[in-house]
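With chain A fixed as given, assemble chain B onto it according to the hints.
Number of protein chains: 2
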Amino acid sequence: MKKLLFLAVACGITYWATAQQITGFTPDQSKAQHQLEAAFDALLSADSLESWMQRMAAEPHWVGTPYGEANARWMQQQFASWGYDARIETYQVLFPYPRVRLLEMTAPESFSASLKAVPVEGDPYTQQGDALLPSYNAFSTDGDVEAELVFVNYGIPSDYEELERQGIDVKGKIVIAKYYGSWRGIKPKLAAEKGAIGCIIYSDPKDDGYYRGDVYPEGAFKNATGVQRGSVMDMPLYPGDVLTPGYGATARAKRLKREEAPTITKIPVLPISYADAEPLLRALGGPVAPESWKGALPLTYHIGPGPARVRLKLEFDWKLQPAHNVIATLKGAQYPDQWVIRGNHHDAWVHGAADPVSGMVALMAEAKAVGMLAQKGQRPARTLVYCAWDAEEPGLIGSTEWVEDHLPELQEKAVAYINTDGNGRGFLGAGGSHSLQTLVAEVAGAVTDPQTGVSILERRDARILVGGGKAGFNLSALGSGSDYTPFIQHAGIAALNLGFGGENAGGEYHTIYDTYTHYKRFKDPEFAYGVALAQTAGRVVLRLANAEVLPLDFKPWQHTLETYLEQVMETAESLRKEVTQHNALVARKAYNLAADPTRPQAAAEAKPAIPYLDFSPLQNALAQLHTTVDGLDLARAHALTPKQREAVNRKLMAAEHQLTRAEGLPRRPWYKHQIYAPGFYTGYGVKTLPGVREAIEQHNWGEAQSQIQHLATTLNGMAQYLTQLQNDLNTPK
Amino acid sequence: MKKLLFLAVACGITYWATAQQITGFTPDQSKAQHQLEAAFDALLSADSLESWMQRMAAEPHWVGTPYGEANARWMQQQFASWGYDARIETYQVLFPYPRVRLLEMTAPESFSASLKAVPVEGDPYTQQGDALLPSYNAFSTDGDVEAELVFVNYGIPSDYEELERQGIDVKGKIVIAKYYGSWRGIKPKLAAEKGAIGCIIYSDPKDDGYYRGDVYPEGAFKNATGVQRGSVMDMPLYPGDVLTPGYGATARAKRLKREEAPTITKIPVLPISYADAEPLLRALGGPVAPESWKGALPLTYHIGPGPARVRLKLEFDWKLQPAHNVIATLKGAQYPDQWVIRGNHHDAWVHGAADPVSGMVALMAEAKAVGMLAQKGQRPARTLVYCAWDAEEPGLIGSTEWVEDHLPELQEKAVAYINTDGNGRGFLGAGGSHSLQTLVAEVAGAVTDPQTGVSILERRDARILVGGGKAGFNLSALGSGSDYTPFIQHAGIAALNLGFGGENAGGEYHTIYDTYTHYKRFKDPEFAYGVALAQTAGRVVLRLANAEVLPLDFKPWQHTLETYLEQVMETAESLRKEVTQHNALVARKAYNLAADPTRPQAAAEAKPAIPYLDFSPLQNALAQLHTTVDGLDLARAHALTPKQREAVNRKLMAAEHQLTRAEGLPRRPWYKHQIYAPGFYTGYGVKTLPGVREAIEQHNWGEAQSQIQHLATTLNGMAQYLTQLQNDLNTPK
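Protein chains in written order, with the numbering used here: chain A, 537 to 1269; chain B, 537 to 1269.
There's no promise every hint is true.
If several chains are the same, the list does not tell them apart, and a pair holds so long as it fits within one copy or across any two.
Stated by the list, open to error - Straight-line distance between alpha carbons at most 30 Å, and here's what the computed DSS-like set of lysine-lysine pairs gives: (1) K567 <-> K707; (2) K1125 <-> K1006; (3) K830 <-> K1113; (4) K1113 <-> K1006; (5) K949 <-> K793; (6) K1006 <-> K830; (7) K1006 <-> K1143; (8) K849 <-> K652; (9) K830 <-> K1056; (10) K1187 <-> K1006; (11) K830 <-> K652; (12) K830 <-> K742; (13) K1187 <-> K1208; (14) K855 <-> K790; (15) K1006 <-> K793; (16) K867 <-> K830; (17) K1006 <-> K849; (18) K1208 <-> K830; (19) K1056 <-> K707; (20) K830 <-> K1143.
Think of the hints as simulated: they come from the structure by calculation, not from any bench.
Chain A with its partners taken away, still in its complex shape (with noise of 0.2 Å):
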């Protein structure tokens, strides 16, 4: 019965749907398009997903590894057998395995890490003994070192500033920090910029454990032994193998030597589980660490330093291995020479179900789907490459190597690169270029929910709404933390990354629980959200190859811009307000007066005042960009020529790229685009207007000054462009 009633309410949807014009295509375009994603959808089989999951995730597939390059051959094989041209590109990649792993504390007590994860009953994937990778902090450096510990929260900026505040110095010791708060490639950087020589990770049950709900195999969430594995390579400055940045790593390329590859880290870094920090923790002195510092282990957190003391012992074996990309194209009938690019990764920690398993086999779904669709007559217009990307992992680095070794070709073909990684159930996350927006506003309209027979986009709507957001589709802005980043922040593509989540959490990400055993518990029993992301990924990428005019839409992207712009300067006035409000408590000795004269505490100093800056070359910019945006009408290109058509759909293709500077990011000339890229201190964490805002967060005046008046020329350039453009569309026939 109720089935049946979804069935209905999904009927009155896919009306609702079909009734609706798509942007970038004329109303019978419309029809025909919503009659193939029809189609699309009757060709999607969860039974499909499940069972390749199952073949995929069942042993450990970290690049390098026999399993990880039979599934690159058995993917080759599928995407061959349904109609696609499919390679395999093989990149030459530094990859350490951990050789030696030793983590003791030598003082007050002495205890010995046992970094391990226990087998769990029932779940006969983590049964498999030494076939799991150890786990380890990936391009963490060789090191022996031994010193005092302090516990340094997250080990993020503000933890750094608040352990100058008490007098605590970290220089000489050992830290270890918490999981979260940043991604995990922060902490062993800021770490060693302050002094440490060694840094521990470990997983707090207050983020990750038990305090979040019961843990595996009862339930979901990290057991005591869990321990998450995860690269530490210096992303933020550029992603890809080590020893070949902004080249592809093809086996005679020219490497730099390790000792000279910036992005390995400073200092020793390992990952642990809570069951092996607690003792650590307990047996740290000095003050009770902050409130906001505390996690969930029975114990008083203390900051130290010492009297804990421990030695950090790893070395690795740095070898080059074999990434093998698969590459699976499907020529587009009408322009062979515009690609619509789609990739999730296919390489794994350990069996990676969920990360990257889930994705993976709803990109091959979808791309089954599409090339029975291309077989029986229903060819995209223009060409789709599918890509399976190894060695993601460690680095993003199969995807960064294949765009790098790619990139004159990949800038003039790409239309724009979709990624997707792992998938779960609950709401559509989408990031991505702010052009795309209304595309994907559009397909959330048009893919029907499984659980509530809604659409996503009207499920996501109430989630935003019962958490007192407002309703309405904004895309979010891409960092990093998947193979979108060379494509987008390098490359100047324009780029999405969708998935669905947020009633799929668990601890598993990155351990030898990630397993198919879990993921049909816990993740997507059903494989519906599979299927879903296949039907949402799907349009996207059909819409793309379809369209009579790309679907761009300048308007969301302009007033995203303004709001990036506003918070930038928002940011720069209450750092003003903060800094001025400390320097008047100072004068008056009011943090002194405060403070308890038994606790140690560093004198509160007054601090540079801030100067305005000029942010109206930004200002006058975006009032020019929203002129040109609101006079620029991109419906008119469906009653051009076809070439005139063309000309501009390769100017659409290329508007992404005018938003990249050829010198780069300040710091990291590797990251060209100017509007999105990940922190320098967040990792993952995305900085819009980056070379501005990161310039004020630094308090570093003249640059924030000098990146102003970067950006404003590209933004005006921008402008120009889209000027072009719109001449373009106003020439007559």
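What follows is chain B alone, placed relative to chain A:
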């Protein structure tokens, strides 16, 4: 060296303070008063405080114990030796002593709670075995119940709303609630209203244990076995002896039957330690508790109900016990019938070094110094009444019975009541009648902080500023929780509550660990803040006693009332917005769509819309008061004849009483004050403008409107009263 510097600073402050005119005093009188206060300070000795604490806190001394009576007799002798007319006034009050305490888990495993805090090394007081009062909640009813357990967070109204959203009913169950979040008595009261048959209250280590800091004896915080005792009498209905509401519990007083006493709980309730709570919480199933409910035990907090089942059996000895109040009077030299009343309780749950002895010994030091000054000829102009209350812990019983017993005389003669209770290192905390705000602010400017050498006012300002607030001295409003309640809220006598704290955190409150040993290590090792409290309260007392014109100031009072009215109006407005928003979300099914379909949840329902209330009677009354208070110039009274001035002072003494209403608050006529009351559903937590505010919070719109009218009548009466006062001041000599 450091000490010398402090002295120099202190002298500077004293000089500044002596230069200040004191409200209620002429310049010459101010000078004399400053000299008196300097002489007063010189008679205070930290050593006395310490030795008195060692004596009074040597053994447990709850109401009815021989040691409690011995303390009373000893204090009586002390006061007498300092020149006071000291007597003991005894009331016969119902006090339950625990005879049977049993808590066990019967399913899914069996577990028997130990209900016993362990003695600790280094603290001999904790080793007194059976002399220590067993842990229990006084005025729990007897009972023997067994049922499934439900975790209800703090057991306050918002928690039951959450349970309702999750479709969980506590009817017929036993609830387990964390201490804190409200006064403890609210928990069994609400649980019973919701149909629960038993209530367990435990101290979670997050609020009160290792999460906050190292536990006793290593640190000050609550160890796994510590249990907070405390009364659960329904004090928001009326405090004091449960059998004699509204009149003194004299030996021959008419008494209710125990079964009729409305302030005894409806269901049995028992406090336990976190060691005893852990197995119960671990055995709960059902949904995982919401984020804000989770404590710091190393487990996943579930709500239940069950599978844990518990049995709770409680029996008490319900006997009348003698409550011995010590009343020590120093007759005023000029106005013997104008009484400045000063009190602190002397009974404790166990040893009570911090609560109440730290405050009691400060009061005694103050009384001794005043007595010695009087013996040297500096007798205060008004009569001082120093009180040491018994039976405060079980429900403000000693003070309440005394106030009820002497009500007409007190309402005629009392100038004000100044209360203290536990005290420790840190910052001045002060609450009370806002007509006394100027007095307290001036005193705070004249007392030197022992740790920093600036005034306690300046140190308090520094703390407020660093916390992001605005500097400037404001009294907080009084709810309940100590002996000021019968004075201000029942008798309508202006009252203050004073104490230091903020650097004395610990977990000893109402446990066997509140000992001299603990106090000396963690609370106020030098007894310097005991002396500071004597200096502060002593100045308040001496200024009230000697002022030519009573130092009341209605400007801050009127201003504070305006902020209360704003708050109440904002509350109504934000409730309206919430309901409007909620109903809009219900209408578009947003709650259902946003919810995880795999987790049971009650269907969200539309709520009745919130009507607009007519606040204009209050707005007009406050506008009138503004004008009246602006025109009121009490300094003119210095120019009146002594007889005219006495009439003015008599009017000032009775001013607070104008803020009461004979009918009291709805459903609790004992509470007469219309501005301040303890919350019906918060307990100790204050509700200002309680009739109006609570009606709004309970969505009782008819009552809200009639309470607005009643309050406006009260405030208009006050305006008239103050206008008459001004007329008296205008009377030519």
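Verification of the supplied hints:
1. K567 <-> K707: neither (66 Å within a copy, 57 Å between copies)
2. K1125 <-> K1006: Intra 43 Å, inter 15 Å, cutoff 30 Å: inter-copy only.
3. K830 <-> K1113: Intra 29 Å, inter 35 Å, cutoff 30 Å: intra-copy only.
4. K1113 <-> K1006: both (28 Å within a copy, 15 Å between copies)
5. K949 <-> K793: neither (34 Å within a copy, 92 Å between copies)
6. K1006 <-> K830: between (33 Å within a copy, 29 Å between copies)
7. K1006 <-> K1143: between (38 Å within a copy, 21 Å between copies)
8. K849 <-> K652: Intra 16 Å, inter 46 Å, cutoff 30 Å: intra-copy only.
9. K830 <-> K1056: Between. Shortest inter-copy distance 28 Å satisfies the 30 Å Cα cut-off; intra-copy 33 Å does not.
10. K1187 <-> K1006: Close neither inside one copy (34 Å) nor across copies (57 Å); limit 30 Å.
11. K830 <-> K652: both (25 Å within a copy, 28 Å between copies)
12. K830 <-> K742: Both ways: K830 and K742 sit 9 Å apart in one copy and 10 Å across, limit 30 Å.
13. K1187 <-> K1208: Within one copy only: 19 Å inside, 78 Å across.
14. K855 <-> K790: within (16 Å within a copy, 93 Å between copies)
15. K1006 <-> K793: neither (51 Å within a copy, 58 Å between copies)
16. K867 <-> K830: For K867 and K830, the Cα distance exceeds 30 Å both inside one copy (55 Å) and across copies (55 Å).
17. K1006 <-> K849: Classified as neither: same-chain Cα gap 51 Å, cross-chain 52 Å, threshold 30 Å.
18. K1208 <-> K830: For K1208 and K830, the Cα distance exceeds 30 Å both inside one copy (39 Å) and across copies (45 Å).
19. K1056 <-> K707: Answer is neither; intra-copy 46 Å and inter-copy 36 Å both fail.
20. K830 <-> K1143: Within. Shortest intra-copy distance 29 Å satisfies the 30 Å Cα cut-off; inter-copy 39 Å does not.
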